[in-house]
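S.K.: Mind docking chain W on chain F? Use the hints.
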Amino acid sequence: MPVPREQIFGELSDAVLEMDEERTVSLAEEVVRRRLDAYQAIDLGLVDGMNRAGDLFDREEYFIPELLLCADAMYSGLDVLKPHLKYEKAREKGRIVIGVVEGDTHDIGKNLVKIMLETSGFEVFDLGRDIPPLHFVNQAAGAGAQIIALSTLMTTTMDGMAQVVRYLDEKKIRERHRVIVGGGPISAGFAQRIGADGYAATASEAVKLVKRLLGRIAP
Amino acid sequence: MTKDRLKPLERLAAYNRGDPVDRLPCVPVMGNGAARVIGARVSELRSNGRLLAEAHIAAYRRFGYDGIRVFTDLYVQAEATGAKVRVPLDETAYLDRPAISDVAAIDTLSPPDPRRDGHLPQQLEAMERVLEAVGGEVPVSGAVTAPFTNATFLIGTENFIRLTKKNPDAVHRLCEISLQTGLEFAKAILAIGVTPSLTEPMSSSTVISPRTFLEFSFPYLKRLIDFIHAGGKPVTLHICGKTHPIWQYMADAGADCLSIDNDANLRDAKVAVGNRVRLMGNVPPSAVMLQGTAGEVREAVRQCVAQVWDNPKGYIVASGCSLPTETPFSNIDAMLEAVREIGYPVNATALGNGE
Chain F
57 MPVPREQIFG
67 ELSDAVLEMD
77 EERTVSLAEE
87 VVRRRLDAYQ
97 AIDLGLVDGM
107 NRAGDLFDRE
117 EYFIPELLLC
127 ADAMYSGLDV
137 LKPHLKYEKA
147 REKGRIVIGV
157 VEGDTHDIGK
167 NLVKIMLETS
177 GFEVFDLGRD
187 IPPLHFVNQA
197 AGAGAQIIAL
207 STLMTTTMDG
217 MAQVVRYLDE
227 KKIRERHRVI
237 VGGGPISAGF
247 AQRIGADGYA
257 ATASEAVKLV
267 KRLLGRIAP
Chain W
46 MTKDRLKPLE
56 RLAAYNRGDP
66 VDRLPCVPVM
76 GNGAARVIGA
86 RVSELRSNGR
96 LLAEAHIAAY
106 RRFGYDGIRV
116 FTDLYVQAEA
126 TGAKVRVPLD
136 ETAYLDRPAI
146 SDVAAIDTLS
156 PPDPRRDGHL
166 PQQLEAMERV
176 LEAVGGEVPV
186 SGAVTAPFTN
196 ATFLIGTENF
206 IRLTKKNPDA
216 VHRLCEISLQ
226 TGLEFAKAIL
236 AIGVTPSLTE
246 PMSSSTVISP
256 RTFLEFSFPY
266 LKRLIDFIHA
276 GGKPVTLHIC
286 GKTHPIWQYM
296 ADAGADCLSI
306 DNDANLRDAK
316 VAVGNRVRLM
326 GNVPPSAVML
336 QGTAGEVREA
346 VRQCVAQVWD
356 NPKGYIVASG
366 CSLPTETPFS
376 NIDAMLEAVR
386 EIGYPVNATA
396 LGNGE
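Protein chains in written order, with the numbering used here: chain F, 57 to 275; chain W, 46 to 400.
Worth flagging that the hints you see were computed from the coordinates, not collected in a lab. No residue lacks a Cβ here, since even glycine has one placed at the ideal position from N, Cα and C. Take these hints with a grain of salt, some might be off.
Unchecked claim - Calculated cross-link-like contacts (lysine-lysine; reagent style DSS-like; alpha-carbon spacing at most 27 Å):
no.	chain 1	residue 1	chain 2	residue 2
1	F	264	W	232
2	W	129	W	52
3	W	129	W	211
4	W	52	W	278
5	F	138	W	232
6	W	211	W	278
Unchecked claim - Label pairs and their calculated CB-CB ranges:
no.	chain 1	residue 1	chain 2	residue 2	range
7	W	293	F	261	26 to 32 Å
8	W	203	F	245	29 to 35 Å
9	F	90	W	141	43 to 49 Å
Same shape as in the complex, but just chain W:
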């Protein structure tokens, strides 16, 4: 923390004005690794808003990055709608059983109350506590699983994916329930003063076609983004895997910042949509951040910056996706160190031939 001249909010404000700053904004997207910073079990965070907040505050203070996102797993909304989640003691939770198994049961589903159902209240409590503790110096966001992805958890991924071809009407009904869930959750997050941040992995072009995305994901995504904009907050949209065929649509949906995974190329993204959206990414979370050396982390950062530091709408150095829980602290430090060395405007010497 003491290494940086500016606080994250000061840095972002200056960067947005186009002023020189100490370094580019940098967000190693912290996930359940926050538990490691306070020596807690991963499973404890999910059911304890105070502890979840404590972990993220401590992780932010430990590393000094430019954005806190409260996130435990993708399933909190689906769980509050009736899905069953398995919670290993010290690993990220995962979907055990969808809320329903048959199309006939769709009518039994209703959007949960985020102040009461499942573990949504703990998420909200954590966001509130983080904002109160450090919201004056760093942007605080809360993860919302976007409608299409959340809908797959309601009836099971494979089942859902078949329905996109066999029963489009059922898919739309599931997505609508899922959208209402997202709207309610986003509303509660906005009421606290935190920024909802959208994650939509099943919309990846690694999974579904751009056409399927346009038909089933885009309309709901756009309505959710419009709602968040009406609440006065910008929207960061993360879609994992390949996304190049849908970058234009992601921008059309209204996203202000696209979080790009390492299966996609930042320079291509800059050319395609860089004059419409800010970009963040795409240091490989597994191959480099988890498994690589500090040297490999620095090299990956230099490559990213070389490709996209001049993006018209701006660039945030980030991991391509949430960091794996066991990502070494030394690699997160190395990411920030590399960004400091490069500075802003970028120091061409420090960048080397990152191309």
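Next up, chain F with everything else stripped away, as it sits in the complex:
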């Protein structure tokens, strides 16, 4: 008996929310087998599950372990669905270069922001961790990224963020990229002081921030 589309997408969402990797994979395989739309399955299924997990995280019902396992389930479903995706749909929203600034290897926060941005349809270039300021600038220019997202957990590496902004100024390409910052010691005041375009305290706020900033950039 065929299951209506909405139901299987809802089940995918539940499987991600419940951190059930196996069930997410088998549902994703069923989507492929039945030739349902992969983008919808990602958007209404996997992303929806991650968004609900993010809501529970904001309400302090889910914590980082839960979010990581939801992400594992989401990524395993994505592996199944990606080959069946029409990529234009995921690309139209914007490009972001993201990384942890030089001197710091704490990347859980960066990974969470990356996951939330990807699941919201953004194209994310993850440079990794311990990244020199100039590398962010060069990669953003090369990729044509509208947004440069910088993360650090350590106070010692905060100046690397300011350095990124200074390089953009020096190269006279400041207006091409919006710089956003986040992480343990970072504050809105700090973002303002170094001339960044925005600060987000959580991964879901980062998504809202990016959407707001992209609204202000001509395509």
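M.R.: For chain W alone, kept in the frame of chain F given last:
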């Protein structure tokens, strides 16, 4: 130093008796900023017990605060168990590679000998030297990374965090090794006559749920605290970030003093557990102590004191977490100055409307 009438131990003894004192105890939690006081590189302290002691003694003499804690980074125990640590020339060390990468290798781990392995001997030497130099006038403690947090460094944080859901048994085995490591280190610290001080950042409710804390962190924390109590010393427990959901458990684990970060509210802590534990905190270490002006430091101190000076079990004015290495000396001075102005019992005028 000359600005205060009482030495820190005299002040604390009088404060504990409920007598009037010159000012509230104040501990800007000095970290690797101690290196700046003697013009040393941060990396030198870690591998040189004599220099580490010299830095903390000089920093104490320079600022006149009420507690010395010998600390370089969170990784000294994990390193002595086999993890690799990266040591930048002039910044705080950080974890480069965990001791193992696979659950199958847990059996290869054994608790290190603090008198021999890694850089634990240097930590112990520093504690011994600090105690000898100034232990007669100021409390001296030695930082111990508590079991749950140290266990995450043994197999890698992300890996470990997944295992809390996927393989609870492996997590318990890692925590048990980590506890044994903590017990051995605490034993060596107690043998010197110094007080072990516990740091447990990964147990923060910013990271794990209260349920995960109760299952994997609390039992080991309690055993370590019981051991330190049996050695005749009180325990200060620091957990970074949000902690309000676990304050009761932190007190249940036996902590005598909770060090509260700036993501948590001191007044709420007072209401929740103030009749069970002393509180310390929570001047923001980064936004105020590192980046703020002296005026902002004073205002933050006034706010903290206004919230919690009347905590039933007492209050120590402190930074919410270890001070960043480059915290300006002038801001540390401003913290002590503000506490002096307020005095004790608190001078309501000096406090202004810190509320």
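S.K.: With reference to the structure, classify each hint as holding or not holding.
M.R.: Going down the list of hints, with the structure as the test:
With a C-alpha separation of about 50 Å, the suggested pair residue 264 of chain F and residue 232 of chain W falls outside the 27 Å cut-off, and the hint is violated. Distance restraint check for residue 129 of chain W and residue 52 of chain W: the Cα-Cα separation of roughly 40 Å exceeds the 27 Å cut-off, and the hinted pair is therefore not satisfied. Between residue 129 of chain W and residue 211 of chain W, the direct Cα distance comes to roughly 25 Å. Compliance with the 27 Å bound is thereby established for this hinted pair. About 20 Å separates the Cα atoms of residue 52 of chain W and residue 278 of chain W, which keeps this hinted pair within 27 Å; it holds.
The straight-line distance between the Cα atoms of residue 138 of chain F and residue 232 of chain W is roughly 55 Å, outside the 27 Å bound, and the hint therefore fails. Restraint check: the Cα-Cα separation between residue 211 of chain W and residue 278 of chain W comes to about 37 Å, which exceeds 27 Å; the hinted pair is violated. Taking the beta carbon of each, residue 293 of chain W and residue 261 of chain F are about 30 Å apart, inside 26 to 32 Å as hinted. The hinted range of 29 to 35 Å is satisfied by residue 203 of chain W and residue 245 of chain F, whose Cβ atoms lie roughly 30 Å apart.
Checked against the hint of 43 to 49 Å, the C-beta distance between residue 90 of chain F and residue 141 of chain W comes to roughly 47 Å, which is consistent with it.
The structure does not agree with the numbered hints 1, 2, 5 and 6 stated previously, though it agrees with the rest.
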